[in-house]
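Trainee: Here is what each chain is made of, one letter per residue.
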Amino acid sequence: MSNGIKLDERLYNFTTRCVRCAGCTFGYKNAEFELFCPIYNKFNFFTYSLGGIAQLARALHEGRIDLTESVTDILYHCTSCGACAEVCAEVDFPDLMELQHELRARCVEGGQVPFAHMVIIEGLKKDDNMLQKPKAERGKWAEGLEVKDITKEKAEVYYHAGCRYCFDEELWPVARTAVNLLRRAGIDLGIAGKDETCCGGRAFELGYQGEFIKYAENNMEMLKTAGIKTLVTSCADGYYAFKVLYDIFGKRGDLEVFHITEYLARLIKEGRLKPTKSVAMTATYHDPCHLGRKVEPWIRQEGELKAGEIYQPPRDLLNSIPGLKFIEMRRIKENAWCCGAGGGVIDAYSDFALWTAGERIEEAKSIGAEAIVTACPWCKRNFNDAVKESNGGLKIYDIVELVEQAL
Amino acid sequence: MVNIIVCIKQVFDPEAPASAYKIDAEVKRVILKGVPPVLSPFDENALEAALRIKDAHDSKVTVLSVGRNLSKAVLMKSLAVGADELLLLEDGAFEEMDSYATAFTLASAIGKLGGYDLILTGREAADTNAGTVGSGIAEILGIPSITIVRKVELDDGKVIAERVVSDGYEVIETPLPSLITVSNELGELRYATVKQLVASRNKPIVTWNAQELGVEPPQVRQARLLSLFIPQKENRCEVVEGETAEEMGANLALKLRAAQIL
Amino acid sequence: MSDVDLLYNELLSTFPEERVSRDEAILTSYATDLSSPPGVATLPALVVLPKTTDEVKSLLVAANRFKVPVVPMSRGSNIAGLAVPHKGEVVVDLRLMNKIIEINSDAAYAVVEPGVTHHQLSLAASKKGLINHLPTATGGGSPVANYLMRPSGNLSAKWDPDPVLALEVVTPGGDIIRTGSASFGTAGWRARYGPFPDLTGLFACSYGTLGIVTKMSVKLFDRGEEERLLITKFDSFPPALEYMKLIVRRNLADSVTFWNWVWNLFHELMVSKSQKLPEGMMKEDQRTPPPGMPFGIASARLSGYKEVVDAQEKTCIRLARELGGDYMPPEEIKAMHPGTWAYLNSYFVEGIHLKPGEESTMRAALWLPGWLINAEPSGILKLEEEMWDFARREAKPPYMFRVLPFNHAREFFFAFVILIVGSLEEEKDYMLHLRSAYATLYHELLAKHGAIMFRFRQDPSFLALSGPYGELLRKIKNLVDPNNIMHPGVNLF
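First to last, the protein sequences are chains A, B and C. Number 387 in my numbering belongs to position 387 of the first sequence; there are no gaps in the numbering. Number 20 in my numbering belongs to position 20 of the second sequence; there are no gaps in the numbering. Number 12 in my numbering belongs to position 12 of the third sequence; there are no gaps in the numbering.
Derived from the structure by calculation, the hints contain no laboratory data. What you are looking at is a predicted structure, and each value in this text was computed from that prediction instead of being measured. Each hint should be verified, as a subset may be incorrect.
Quick list of in silico lysine-lysine cross-link-like pairs, DSS-like style, CA-CA up to 27 Å [what the hints assert, rightly or not]:
#1 A:Lys6 x C:Lys276
#2 A:Lys6 x B:Lys72
#3 A:Lys365 x C:Lys99
#4 A:Lys365 x C:Lys127
#5 B:Lys28 x A:Lys135
#6 A:Lys42 x C:Lys276
#7 B:Lys28 x A:Lys6
#8 A:Lys251 x B:Lys195
#9 A:Lys333 x A:Lys395
#10 A:Lys125 x B:Lys151
#11 A:Lys126 x B:Lys195
#12 A:Lys126 x B:Lys28
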C-alpha cells in the first residue's frame, strides 16, 4: 500500500523538468557562485537541495517511495529560506517554496511530522504562541511602557511584537526600543499585550495550513474590531505572514503592513527622527530571509504581482548612523545565507540551526566586521546562541538598537 | 493487575477552521489542506482516565485503533504519555465503516485479546459525533456500560463512575469487566514531551489486518452516506418599516406571526 | 549478507558515515533525471561522496572486490541518463572534489577536479584575463564530465572542440594514472601528447566505463582586446551552412552556430517571466517562420585585436550577403529576439552563462534529449531534409534545430530537439514512442548519410557497427575492467 502524496500538475511538472543543474545551491548576482543552501552545504548529498527534493517529490507522487520518517526528516531540515527558489527559473511562479509548502502540508495531513513540531503546535493551540509559554504572560515585555491597548482604546498604528519578542526575555529590549522610537517620532501606537496571538506564519511553514488560517482569521477579526488599518512589526517572519501569506489566503483586506526598518527609514527621511550621535563600529547587515526574497514575488497590488522585498531601507538606516562603518558580506540580499532558524529548524534540529548561524558568523568575521546587524528576532536569537557556543567573537545587534544609540 | 483497553479514533483536527473545509462531492470526502490527524479529543479524555487508574493501581494500558492510513506518529502520542502497547487494526476494508461495523471490529479485536477488565472510549468521535460505538462494543461483548462519565475509579473489582447529567452527576457502580465512555469534564490528557515521544519508539506497536484479526466486516452497512456538502449559509436582512417605534413594533409582530414564529 | 552489505561495511572503514548513504530517501533523489519516464527508476545501491583521489581508489578497489557496479557522477547535470543508476549501481558523487588546482597563465591551462563547475572555472579564468570553452550545457555542470564528451561550445571551431589536455584517472583496478605531460610529475599539465600513445583519447567518450577521472587539465585561451557577437540571418539552411563552413575554414571566427527561428523564439524564456512557450513556436508548419522573421540566424564569435575583429566582421558580412543572407545588426536582433541576443552575448562573448540560462527554459516544456549527430557538410544538408521528414511522421510541434561546425568544419554537429509541452503523465506514451523511434533512426542515418551519433545512446548494436575497432575496445575494456563494474548501464560494451 503506497503512502505517497499527490502534487498538483504545476508542481509535478516542475519535478519532472528539473535539469539537476544544482543551480539551486549557488548564487549568481550577489554571491559570485558561492554556495548558499544550508542543507546542501552541510549534508552534501544532492537530495539536500531543491533539485534533490524535487526528485524526491516526484518519486512520492509517482508512488516509488512512501512518506516515511526519513523523507520528512530531509524535508524539515530545510529552513525554506527561499535562496533556491530565487535562482531556479527566476519567475513569479513557481515560487518554488510552494513545493516545500505543499510537501509539508501533505506531511501534516499524513500525520508524519517531526515530534518537535507536533509538540509545538499543541502548545500553539493551548497558549496561542510558538514558544510553549503561558498565554497570560504575553504582555510582560511591555510592562511599564504604558502603551495603548488596542482592545480598549483607539490607536492609529498597531505594533505586533510577535511570539519571539513577547516570550524571549533577552530580546525584550529590542521590542521596547522599537515602540519607544515610534512614539518618539510621534506615532499614535497601540499594542495588544496579552491579547496578542501568534501571526500563524510559522504554523503555515510547518505545513499546518489549517492552524494558520485560524490565526489569520482571528488576527484580522481583532484588528477589524479595533479599527486598525496600519500594522508595524519588528519580526521579519511576522512581516512575511501579514504581508504575503494573509494576502495569498485572501485574509489581509486593505491592512497596510510595514516592517520596522522601512517605517523607521521613512521617519528619518521625513526628519521625525534625527540620528546625530556617533556609533563607532564596523558592522555588516544580515538580510533576513522573510524580509527579503521570501516577500519578493507575492505582493498583490492593483491586481498585479509586485515585488515587496526590503533590502534597501535597512541599509539606508545603517548609512544614516554617524560613525558606523557599514561593509557588505558576499552572500547578500536575494542571495543571502540563511541564519538557520526558519521553517521550524531552530526547534527540530537545533544543532543544525547553530551550525548554519555559525557559518554566517564566520562570513561576517572574514570581511572584518565587529558586529552583525539584523532585523529579525529569530535571526538574532540564533546568532546569539551560535556566538555563545563559539565563545564570542562577534556582536549581534538588531538594527533598532543602533538607531536608538544614534539618537 | 488491571487490564485496560482504550479505543482511540484518529480524526482530522476538529479545531480546523471552517474555511479550511472543502468537499470532493464525487468521492464524498472531506478535503482539509494542511490539517493533521489527531487523537479524537474525547478519546484523549478516555486515555487520561486510564492513565489516572494506572497512576493508582498496577495496570496495563493497551490502546486500540481501527482504520486505514493510520498515522503511527500521531498514535504514538498515547505511548508517550504512558500507555504500554499500541494495537492497530489497519486494512483497506476498515475505511469509512459505519458505527456498527466499527463497534463490531473493535469488539472482535478486544475479544481476541481477551483478559480485559475495563474498556474506555470517548463519548463520541469528534468528526461524526454519532456516540454509539462505545455502547455498541459493550452490547456485542455482553458487558455493562456507563456513558458520558466525568470520573472513573476502581475499588475492589468494581468500577465507580460519575455520570454527567444536565443538572449534575450520578454515581454509578458496576462490576468488572465493563465499558465506560468518557466525557471532557474528566480533564485534559497530560502532555507529551519530545523526549517521551522519542522514548515511545521502544514500546510495542502491533498491527493486525482483517485476515489476522479473523473477521470480515459485516457486508450490510447499517448506514449509507448519501451525500456530503457544506450547507450554504445565507443571511437575509429585512428591515421592518414604520413611522413610529410602536408602528414598527406592530409590523414586526405581524411579520413574525406570518412566519409562524408567534 | 549481500555484496552491497559487504561493500557498505568495507566503505565505512575508509569513509565517515556522513559520506556514505543507504537511506532510501537519499538514494531516491539520485535515481531520476530529465530523461526518466514517469514511474520508472532504479535506486542506486549506495551513494558515496569522496573527497580525494585516494578515497576514489579505495572505493573502486572495494567495489571490484565485491563486484558491485559503480556510476561516476561529477555534477549530475546530464539529461540523457548517463549519471543515474540503471542496474542498482553505487553512485559516486564527486561534488566534494571541487577545487581548481591551478590556473597557469603562462601556458594557458587550468587543472580542475570533477566537482568544479563551468561557472567557477569561467569566473576564475576571467580574473586572469583568460576564457574557457563554455558549452551550452548548464553552468552548474562539470567541465571534467562535459569536456570528455566533445561538447559544442563558444570556442568549438577555431580552437578545435577538444578542450581536454591531460587527465588523472583511477582505473577500476585501483591504479592512479596520469596522461600526457602530467605522467612525468615535473612537466606540468600543459600537454595532451607526450612521446607515447595518447590514452586521454581513450577516456574521452568512455562515459565512465573505463575509470573515474579525478583531475583534468583544460585549455584556456586569451581574451581578445575586442570580443564581438556577429549575427547574420538566412532564409533557408543551405546558405547558412556554406557560410559557417567558409568563415571557420578561413579563420574569420572562433566559432559559429546556426539556430532556426523556433529556437530563437525559445530563447525568449531566458529573459521573460512567462510560464508558457511563446505562441509563435506552436504553429503546425514548423518549417516556415512567421512573416518578417528570418528562417534562422548564425551567431559568430569574433575575438582578437580590434583591427582584426573589424576586418573579420566586414568579411563575414560580405560572405553572408554573397550567399544570399544578410547582416542582422544588434538593434534588429534585440528587437526581434531579445532573449537570443541576451543569451548569446553572455554565452559567446562574455564566456559566462546568463543567469540562470538554458535550464530556466525547462519550466515551460520538457526537453527530450534527441537527435545529436555529426556529419560532413554535404551530409548535413541531407540531414535537414531527413529531419523534416522524421518530424512529420513522428513528432508534434514544437521542435527546433541548431547546427555548428567542429574541427575546422570537417564535421558539423546537428542537434534536433523535440519539446514536450504537456504534463509528463499525459505525454508518457509520446515520450516512449520517440525514444523507440530514435533506436532505429541512428542506424538509418549512419547508413544513408554517414552521420554518427554524437554521444552514445545506450545501444550496444551501434558499437558492433565499428567492426574490429569495437573488438579492440572490448579487449581494452576487459583488460581494464574485467569485472565490468564501471557504469554497465551505459550498455556500451
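Trainee: Each of the hints needs a verdict: does it hold here or not?
Mentor: Hint by hint, here is what the structure shows:
Among the hinted pairs, A:Lys6 with C:Lys276 is consistent with the structure: their alpha-carbon atoms are about 23 Å apart, no more than 27 Å. Between A:Lys6 and B:Lys72, the direct Cα distance comes to roughly 20 Å. Compliance with the 27 Å bound is thereby established for this hinted pair. Using a Cα cut-off of 27 Å, the hinted pair A:Lys365 and C:Lys99 holds, with the two alpha carbons roughly 23 Å apart. A C-alpha spacing of about 25 Å is found between A:Lys365 and C:Lys127, which places the hinted pair at or below 27 Å, so the restraint holds.
With a C-alpha separation of about 39 Å, the suggested pairing of B:Lys28 with A:Lys135 is violated against the 27 Å cut-off. Distance check on the hinted pair: A:Lys42 and C:Lys276 sit about 36 Å apart at the alpha-carbon level, beyond 27 Å; violated. Only pairs whose Cα atoms come within 27 Å are accepted, and B:Lys28 paired with A:Lys6 is accepted, the gap being roughly 18 Å. A threshold of 27 Å between alpha carbons decides the hint, and for A:Lys251 with B:Lys195 the separation of about 37 Å lies outside it, so the pair is violated.
For the suggested pair A:Lys333 and A:Lys395, the alpha carbons sit about 21 Å apart, so the restraint of at most 27 Å is met. About 25 Å separates the Cα atoms of A:Lys125 and B:Lys151, which keeps this hinted pair within 27 Å; it holds. Note on A:Lys126 and B:Lys195: the hinted pairing holds, with a Cα-Cα distance of about 20 Å set against a maximum of 27 Å. Distance hint between A:Lys126 and B:Lys28 is unfulfilled; the C-alpha atoms sit about 32 Å from each other, more than 27 Å.
Checked against the numbered hints listed earlier, the structure breaks hints 5, 6, 8, 12; every other hint is satisfied.
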